[in-house]
Each structure stands twice: as structure tokens, then as C-alpha cells.
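Visitor: Chain by chain, the residues:
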Amino acid sequence: MAGNSDPLTPRAKIAVTAGKAVAAASRAAGRGSGSVIGGRVALKLDPDLLARLAQNLDVILVSATNGKTTTTRLIAEALRAAGPVVSNALGANMPAGITSALAGGSDARYGVIEVDEKYLAGVARDTAPKCIALLNLSRDQLDRAAETRMLAENWREGLAGSKAVVIANADDPLVVWAASSSPNVIWVAAGQMWKDDAWSCPSCGGVMQRPGDDWFCGECGFRRPTPSWALSGDHVIDPHGSAWPIHLQLPGRANKANAASSAAVAAVFGVPPQVALERMYAVQAVAGRYDVVQFMGRDLRLLLAKNPAGWLETFSLIDPPPTPVILSVNARGADGTDTSWLWDVDYTRLTGHPIFVVGDRKLDLAVRLEVANQHFQVCENLDQAVQSAPPGRIEVIANYTAFQDLRRRVGN
Amino acid sequence: MSDNQLRLVWIYPDLLSTYGDQGNALVVERRARQRGLDVARLDVRSDQPIPTSGDIYLIGGGEDRPQRLAAERLRRDAHLYQAVNNGAIVFAVCAGYQILGHEFVNDLGQREPGLGLLDVTTTRGEGERCVGDVLADIDPRLGLPQLTGFENHQGITHLGPTARPLARVQLGRGNGTGDGTEGAYNDTVFGTYMHGPVLARNPLIADLLLKLALDVNALPPIDDRWYEALRNERIASAQQPA
Ligand SMILES: [Zn+2]
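Protein chains in written order, with the numbering used here: chain A, 1 to 412; chain B, 1 to 242.
For reference, chain A alone in the conformation it holds in the complex (with noise of 0.2 Å):
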């Protein structure tokens, strides 16, 4: 179905050129990859462009609070074994970074697409997608984010009647609330370490009962699908019950659920497990994250985590004490300006870790860490915390800004 015509008006092709032009000239500027400028002029001039980009191409759309960017690339890698994919690989999630990915893959098959979560409803009914994969929903940004439970509710609203394969994870109370609207829905039980969203019954409010990964509502029935896909410690299990082997080299049990997430979407056009899991083998790093950097003679490990979700998976992949873990927190206004969610952060994980802190709010982490009964060392700046810290390896993990400073200053 794709590829065959020329779905483009010549409104839209305009549309298209003009935001290539301005994206180079950003580019040129050195503006950044110049991918949401160009969306911005394109969607301007042609408002149904994103619509008639999608028609040429087979939709997989990914949201989640947690995991997209490393999603996307997966199924990405994946679904190359099938045909040439266009993807917005470097996380511009909204509508226009969107547009802007998809207007460079003219030649491509399928689209797989990281939307952020407040634009899922709005970017699946304009791109007809043939598959969606919901990863998880979680607290995140309190100051200005919706409600995690009426994104849930819009998510559930958008999806009703969508001709979409869903691939939802069954053990997120929140991601199934939302998915089972859609008549058509595979379930993968990808696992949930963070459960501090979900113990209120998304549909009546009772309290939900959690025993083991099992989870009901008492009151109204509201429970757990019975999942067709799983992860099963290293292993992916498929709906024929057999077990693949998963040997990412992306770290951590929050990447082999990505990855069990991405065998299911790779299964819905046709490319086997083993196949897929091979393919995303390759990927090594994402926009950064996971990347070991070279750095006055340590070895840095660039961990991403924005929200107390985020930071529970992180501090399970990181090596044993007494490898030494550098924490970096900003509250610029892409990582929410209220610092509060550190609270929800269980930091007594660290016992053992020599820590170092830096960031904007490093004022704000030294607090939590100190009701928290840990040891740590609060440093000017990135240097002075590596030069404190032991040769070797050093975990790094910082929230969105305080890790693109981090990028920047390792020159990563």
C-alpha cells in the first residue's frame, strides 16, 4: 500500500520544500537539527500535511512517560527488516518535529513515530495509524502536565474506534484503562516497577489490589488482560509460548520490556521475534542515553531519568557499589520548574554509592539525599564531581536539561 502514488498535493509538496529550506538554514544557523522549525513552517503552510505525509506510509505510533525515544529506535531497527522506515529518531515528539521526520523519508514504507503523550489522541486520528504501542503513564512535570489520569482518559477517548492494532503493557492499570476502548488490542505484560500511579481504580476509584504482578479493582472488576506477549526475566515469550533469548546491549530491565513491546509491534507486519530481537541488538545508544563517554579519565555513563518512574528503573541497572553515581537535577521549564517529585524518589537505593551532586538544584538534591541518611558530596560542576570521584566507571544520571548540559560539556 505505500509508495505507489503520490498522495502529495501540490500545496503539499510546497509545504515541504519550504520547511526543508528553513530546516537547513536552522541547521546552518546551528540551531540544532532544525527538525521543529521546519515542521513549524510546513504545518504552517499546509495544516493537513502531516495527514497526507502518513498516507504514503504504514503508521506505528509510540507513547508512553517513560521509554519512547528507546522504543521508537527498537521498532525502528526492527521493522527495517521488512522495509526502508522513516522515524523522528531524535525525540521531536509533537506535531511538527513529527511532520518535519516524516517529510525527509519520501521513499520510505513505514513511519514509526515517538509522540508525546498530551498529542497522542490529536496525531493518531490525523495519521490513520496500523499500529500504536503504549509503554506506560506516570507522574511527570507536576507543575503543568495534565493529570496522569486524564491523559489516561484522553488516550482512551482517542483510541475508541481506532482501527489501530494496540499494543498495550497489562501490567500498567493506567496504559490498559486506556487501551481497552480499542477494539483491537494485544497484550504484552511488560512489567512495572513505579506503582504509586495506579493504586486508585482508574474506572470507579476504588482501591486497587495488587497481589504479586497480579492487579484488580475489588469494586468494580476492572483487572488485568491476560497477556498474549511477555518478559520473563531475559527472555521474551510469544503468543505460541516460545521463549526468545533478549541480548539488547542497552542496559536494564526497563529496555528488555521496550524491547518485548517491540517484538509484539514487529509481529504485526510480519517479522518474527528472533528476527526483530537480532536487529535491535545493534542499537548501542539513543540520543545520548546509555552512552559511555570518555572523560578526564573516568568512563561515563550517560543515564537519562526525568521522573520518579524513571529513576527507579535507573537505579536498578546501575552497577553494585562502590561505583560512583554523579546525580544532576535542573528545573528549567523542560523539566518542570517544582522540584517536588525528588520526594517520590527513593534514594535509600544508593546506600553504598559514593554520590556527587551537581545541576541547578543541586541544593534541592543534597536535602532529599540528607533525610534520605546518605553519604554525598555536593560539587560545583560536572569536573569537579569526576575529579572527586575514583578512576573507573561513574554513572551519571540527570533530568532532561541537566542531561543535554551534560551532553555538551562531555562533548557527546
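Keep in mind the hints are simulated off the structure, nothing from the lab.
From a predicted model like this one, the values you see are computed outputs, not experimental measurements.
Be aware that a few hints might be false.
What the hints assert, rightly or not - Short derived list, chain B residues pointing at chain A, Cβ under 8 Å:
(1) Asp14
(2) Gly23
(3) Arg30
(4) Arg65
(5) Pro66
(6) Trp226
Claimed, not checked - Below, in silico cross-link-like pairs of lysine to any residue (SDA-like), each with a Cα-Cα straight-line distance of 25 Å or less:
(7) A:Lys195 to A:Glu147
(8) A:Lys118 to B:Asn106
(9) A:Lys163 to A:Ala96
(10) A:Lys118 to B:Glu126
(11) A:Lys118 to B:Ile235
Built from N, CA and C at the ideal position, the CB exists for glycine as well.
Fit chain B with the ligand to the given chain A structure using the hints.
Guide: Showing chain B with the ligand alone in chain A's frame:
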């Protein structure tokens, strides 16, 4: 307080723990332990009864629907009244503060009865949500330094005659009534709009709660270096023109 054990009750973490306010429980617990007290912290989910034997009860902020559910369940449970009658200390933030009053506006736009433990009533503001850093002077009777916190609410809280304002804002909105008040308290029940969490930004309020619960005038000093550094930074930052 009995058996030399301080009982700290964190009310309904399943509904009212969205904005990091569990930090208030962590700070009170830590500062009590640093004074050598034995602390029992009880986290009470909304399908469990509220114990009446607590010394300090903490309630956090939450989203609109969980706030209504919490108010319904606390009214039905009724044990918090008994605890307050026994002399327990209550400290509540934002949605929890509104629940302690006579009524507030719920997620359905209806007037929802609160617990009436504080003489305040909350209506819904028509203007923009109050979001941002706050700086305020605490009621001089309490003998505490400036209040610093982060507010994020739509409610406007009006104080009745038996509630005293906790503080007067220098910067920020506080109760949102336009009279400059922020928060409210009576002898043993305190409410505030401040997140941050507020007791991490204002550890001497945590100490005040401990002193009231222990019925003492003073506590042994502890190392407040990092709290002081954070306070100075946040106060200076709030005073900078945006
Ligand atoms: Zn229910």
C-alpha cells in the same frame, strides 16, 4: 505520645501523594530520629481505618477526583475527629488542606463537604491557576522564620473567625483571596498550599509539629546546613524579578 514512641500517620498515600508531599513525612520522621526518638510511621491506605492513636497526622496534595474520594472516605471513617479530640497534631497540604475545611469544590464542580477541622471554606478560582515559588512571613506568634514553598492550585480558601492565617505572602498567591493570607491553623490543626515539600523547605515547621506532639518547648539542635543553604537559595531566587 506514649511508650516513648512517636506515631506518625501518613493519610491515604494511594490518593493524596501526587506532588512529593510524602517528603513531609520523611522530614518529620528523620528529624525525630535525629533527636533519638523511636518513630513508628503508619501509611494508611484509603481502604484501611485511620488509627486514633497517632501523634502527628500528615495529609498531602492530590488531583481532583482522588481529593473527592479521600474526603468521602475520611468523612465515613470519622476516626480523624477522634484523634484531634485526643489532642493529635494534623498538618495538611493543598488538596488535604481543603479537605480539613468545611467544604471545597470537587472534580464534578459540586460543593463537597470537608471535615470541618479547620474553620476555612474553599471555592474554585476563575482566573489562572496559582503556580510558582512563594515567599511569606509566618504568623509571629509561631516564632518561625520566613516560609518558602511552591504553590500549584486553583482553589481560593476563605478563613473563618476561629482560623488564623499561617502566613502573609510577600510573593505568590497563598490562599488566593487577595488579602495576602497563606494557609490556616488553630491550636493543633495546620493547613497550607505550600509544596516543595514544605517541611523540607521549612524544617522548623517540622520541629514545631514535633514540639507540639511531645509537649516540649525546645528540641536538641541538629545540623541544618543543607536545609539552610536550600532556604537561602530559594528565598533569593523568589526575590529575583522573573
Ligand atoms: Zn474499579
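Visitor: So, for every hint listed, does it hold in this structure?
Guide: Hints, one by one, checked against the model:
Given the 8 Å rule on beta carbons, the hint for Asp14 (chain B) holds: about 3 Å separates it from the nearest Cβ of chain A. The interface hint given for Gly23 (chain B) is met, as the beta carbon of that residue sits about 3 Å from the closest beta carbon of chain A, less than 8 Å. The beta carbon of Arg30 (chain B) comes within 5 Å of a beta carbon in chain A, closer than 8 Å, and the hint placing it at the interface holds. At its closest, the beta carbon of Arg65 (chain B) sits 6 Å from a beta carbon of chain A; the interface hint therefore holds under the 8 Å criterion.
The beta carbon of Pro66 (chain B) comes within 6 Å of a beta carbon in chain A, closer than 8 Å, and the hint placing it at the interface holds. The closest approach between the C-beta of Trp226 (chain B) and any C-beta of chain A is roughly 4 Å, which is under the 8 Å cut-off, so the hint is satisfied. For the hint linking Lys195 (chain A) to Glu147 (chain A), the alpha-carbon distance of about 16 Å falls within 25 Å, and the restraint holds. Between Lys118 (chain A) and Asn106 (chain B) the alpha-carbon distance is near 24 Å, which keeps this suggested pair within the 25 Å criterion.
For the hint pairing Lys163 (chain A) with Ala96 (chain A), the CA-to-CA distance comes to about 24 Å; that is within 25 Å, so the pair holds. Taking the CA atoms of Lys118 (chain A) and Glu126 (chain B), the gap is near 24 Å; set against the 25 Å cutoff, the hint holds. The suggested pairing of Lys118 (chain A) with Ile235 (chain B) is violated, with an alpha-carbon distance near 33 Å, which exceeds 25 Å.
Checked against the numbered hints listed earlier, the structure breaks hint 11 alone; every other hint is satisfied.
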